[in-house]
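S.K.: In the order they appear, the protein sequences are chains A and B. FYI, in my numbering the residues of the first sequence are 1 to 397. FYI, in my numbering the residues of the second sequence are 398 to 631.
By construction, these hints were calculated from the structure, which means they are not laboratory data. Take these hints with a grain of salt, some might be off.
To give an idea of the interface, some chain B residues facing chain A are shown, with a C-beta separation under 8 Å as derived from the structure [stated by the list, open to error]:
1) LEU409
2) GLY413
3) ASP447
4) ARG463
5) TYR470
6) ARG525
7) SER530
8) GLY541
9) TRP557
10) PRO581
11) VAL609
12) GLU610
13) VAL611
14) ASN613
15) PRO614
Glycine residues also receive a C-beta, built at the ideal position from the N, C-alpha and C atoms.
Below are the chains, spelled out letter by letter.
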Amino acid sequence: MTTRTIVELHAIQTVPPSNLNRDDTGTPKTAVYGGVRRARVSSQSWKRATRRAFHDLLDPSELGVRTRRVAELLAGRIRNLDGSIEETEAWALAAETVQTATGSKIEPPKRNAKGDGPAPAPESKYLMFFSARQLDGLAELAVKGRDDIKAFFKDKDNKAEAKQIANSRHSVDIALFGRMVADGADINVDAAAQVAHAISVHQVENESDYYTAVDDHKEREDDDLGAGMIGTVEFNSATLYRYAAVDVDLLSRNLGKGLREDEEATEPVRRAVEAFVQGFITSLPTGKLNTFGNHTLPDAVVVKIRSSRPISFVSAFEEPCRADQDRGGHVREASERLARYVPEIERAYGVADDAKTWVLRVGPNTTALAELGEEVSLPELVKKVGAEVAGRQSDAS
Amino acid sequence: MSVLLLQLAGPLQAWGSSARFARRTTEPAPTKSGVIGLLAAALGRDRSHDPADLAALRFGVRVDQRGVPIRDYQTAHHFETGKSMPVSERFYLADAVFIAALEGPDDLIDELHQAVRRPTYLPYLGRRSCPPSRPLDLGIREDGDIEQALKREEWRASRWHQRRHREPTVRLETIIEATADDGPVDSIRDQPLSFDPTHRRYALRGIRHGYVEVSNPAAPQPSDHDPIAVLGGE
Chain A
1 MTTRTIVELH AIQTVPPSNL NRDDTGTPKT AVYGGVRRAR VSSQSWKRAT
51 RRAFHDLLDP SELGVRTRRV AELLAGRIRN LDGSIEETEA WALAAETVQT
101 ATGSKIEPPK RNAKGDGPAP APESKYLMFF SARQLDGLAE LAVKGRDDIK
151 AFFKDKDNKA EAKQIANSRH SVDIALFGRM VADGADINVD AAAQVAHAIS
201 VHQVENESDY YTAVDDHKER EDDDLGAGMI GTVEFNSATL YRYAAVDVDL
251 LSRNLGKGLR EDEEATEPVR RAVEAFVQGF ITSLPTGKLN TFGNHTLPDA
301 VVVKIRSSRP ISFVSAFEEP CRADQDRGGH VREASERLAR YVPEIERAYG
351 VADDAKTWVL RVGPNTTALA ELGEEVSLPE LVKKVGAEVA GRQSDAS
Chain B
398 MSVLLLQLAG PLQAWGSSAR FARRTTEPAP TKSGVIGLLA AALGRDRSHD
448 PADLAALRFG VRVDQRGVPI RDYQTAHHFE TGKSMPVSER FYLADAVFIA
498 ALEGPDDLID ELHQAVRRPT YLPYLGRRSC PPSRPLDLGI REDGDIEQAL
548 KREEWRASRW HQRRHREPTV RLETIIEATA DDGPVDSIRD QPLSFDPTHR
598 RYALRGIRHG YVEVSNPAAP QPSDHDPIAV LGGE
């Protein structure tokens, strides 16, 4: 049987009054679990925060761009390769190339097609996700077929090459979070990372903050005395359980053989896993961040590497935690619950010896978790997970 | 013939049937196409693989804990410019527990059981952001059909949910694939013909709604206290 490598991340994170992720009425998102209402931060919201963190962790060449203005982006690269190409010609070359590679229509947007100004750059109908290396490859191909781009892509080999470029050597974020091109089903990428909606370990009620704002410039005595404006902001406070799993084997296939030619075959997967671990742990959705200033980091993180299947520990919190001021609140209760639940479920399902475990924790409230695995700091954690993953990948190959 | 039982429990699940585009709904119980898709992924098949062998299995579901529908409002923003994109609505079932049963030839059921224990693609409950909160596999039942397996299986609802029921037995809804002997039945477009993203296709399949009685482990135990006896009653 081939070796499987799956990385699991579990985090306990407290956020004070905040509204990280809201619905169309401005109310913080919630879900019912264990029969009671919980705070919820959707997976897509935290995935976006994680992706944003990648910009500080990875080289731009390892990242993708998600945009509808893919033709404009590609045209820029085409003109870098060949300065003699005019902008509008580059747009046309780019549009035809992306259309061939993805099977999706690339056309000037209708909304400003009329009017007297210059014609706008063509766009795709939805967000497309391309890595820097894929755009470079497509740009080279477009320049090669510059004389008659339509005829160029009539050729079966050229068409296949365009598709192949769009379909290999994905950027770290595409490899982790997937790509959906609704028309070009053959260039979809299955996401290697699975991120669950974060939910609070306890019951929450959303609260509402009624505010008034003073008009500073209202100074004459005969001015009305009312507030300049009034309004409400909804919020809640929560200790969240956050869970994600990364299928390292799939990640490795998505990334292809090396981001660069001059490095070890396991280097891309190591860097991607390290970026994900660091990014998932330290990132925060930006919803109402300036209103509430709720910049927190997890109090505890448990990371496991398994070789069969991932296990979410959310069941440990199905019965809602109750804060006890004398005993240390939700974080302590949640840590003790996890410390009891993890060995129990692993023993019950016969996977106790399967996992390598690290624990990152802060303060006496999380002491119970120390027994689950090797205690590490964040830099150590990132390095150790990366090394373990790279080691297992080179053993497997 | 044997029956594979799967436990589908999690804070969120979503079992879409005809949902497309910006409004993604969920059925009130797991769909056959959803569960077959989960098994095909566990086997490591890609989407263009013909699901005919798995689709030929007979499928049944028991609703152990009905759950609560919730609506999620999702916005997307352009990553570079921050411009907002069309919003979408996603519906989920929160707090639900189901048992799914698949009946078929022993060797295929065995293979699926192995795959669920060591899945190639990571399993999720209808949508990628919905990982299961309990291990999926409840094992294989070799004696009997789906009806018997779902009748004998203990009640898998959460303890808090069980405690809300005082009675010693509860009636759980079952939705089981109809057989030729069943006569007229309901049908839904949920028989997977192809998962290929370029031409997903589903046929109609017949379903039969029913109930099974299972015992409630959280019911108060009957005590020896019998005031009628003291009064000389029967």
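S.K.: Can the hint on ASP447(B) be confirmed by a CB-to-CB distance to chain A that is less than 8 Å?
M.R.: violated (16 Å)
S.K.: Holds or violated: GLY413(B) as interface residue toward chain A, Cβ cutoff 8 Å?
M.R.: violated (15 Å)
S.K.: Measuring from the C-beta of GLU610(B) to each C-beta in chain A, is the shortest one below 8 Å?
M.R.: violated (23 Å)
S.K.: Per the CB criterion, is VAL609(B) less than 8 Å away from chain A?
M.R.: violated (23 Å)
S.K.: Does the CB of ARG463(B) sit less than 8 Å away from some CB of chain A?
M.R.: Given a least distance of 11 Å, the restraint on ARG463(B) is violated.
S.K.: If you take the shortest Cβ to Cβ gap from SER530(B) to chain A, is it below 8 Å?
M.R.: holds (5 Å)
S.K.: Is the interface hint for VAL611(B) satisfied, with its Cβ closer than 8 Å to some Cβ of chain A?
M.R.: violated (20 Å)
S.K.: Under the criterion of a CB-CB separation shorter than 8 Å, is PRO614(B) in contact with chain A as hinted?
M.R.: violated (16 Å)
S.K.: Taking the least C-beta to C-beta distance, is TYR470(B) closer than 8 Å to chain A?
M.R.: holds (4 Å)
S.K.: Please verify that hint: GLY541(B), Cβ, nearest Cβ of chain A, below 8 Å or not.
M.R.: Hint on GLY541(B): violated, closest Cβ of chain A at ~25 Å, above 8 Å.
S.K.: Does the nearest C-beta of chain A fall within a distance shorter than 8 Å of the C-beta of ARG525(B)?
M.R.: Where the cut-off is 8 Å and the nearest Cβ of chain A is about 6 Å from ARG525(B), the hint holds.
S.K.: Are LEU409(B) and chain A close enough, Cβ to Cβ, to be under 8 Å, as the hint says?
M.R.: With Cβ-Cβ at 6 Å, under 8 Å, it holds.
When the structure is compared with the earlier hints, violations turn up for hints 2, 3, 4, 8, 10, 11, 12, 13, 14 and 15 and for no others.
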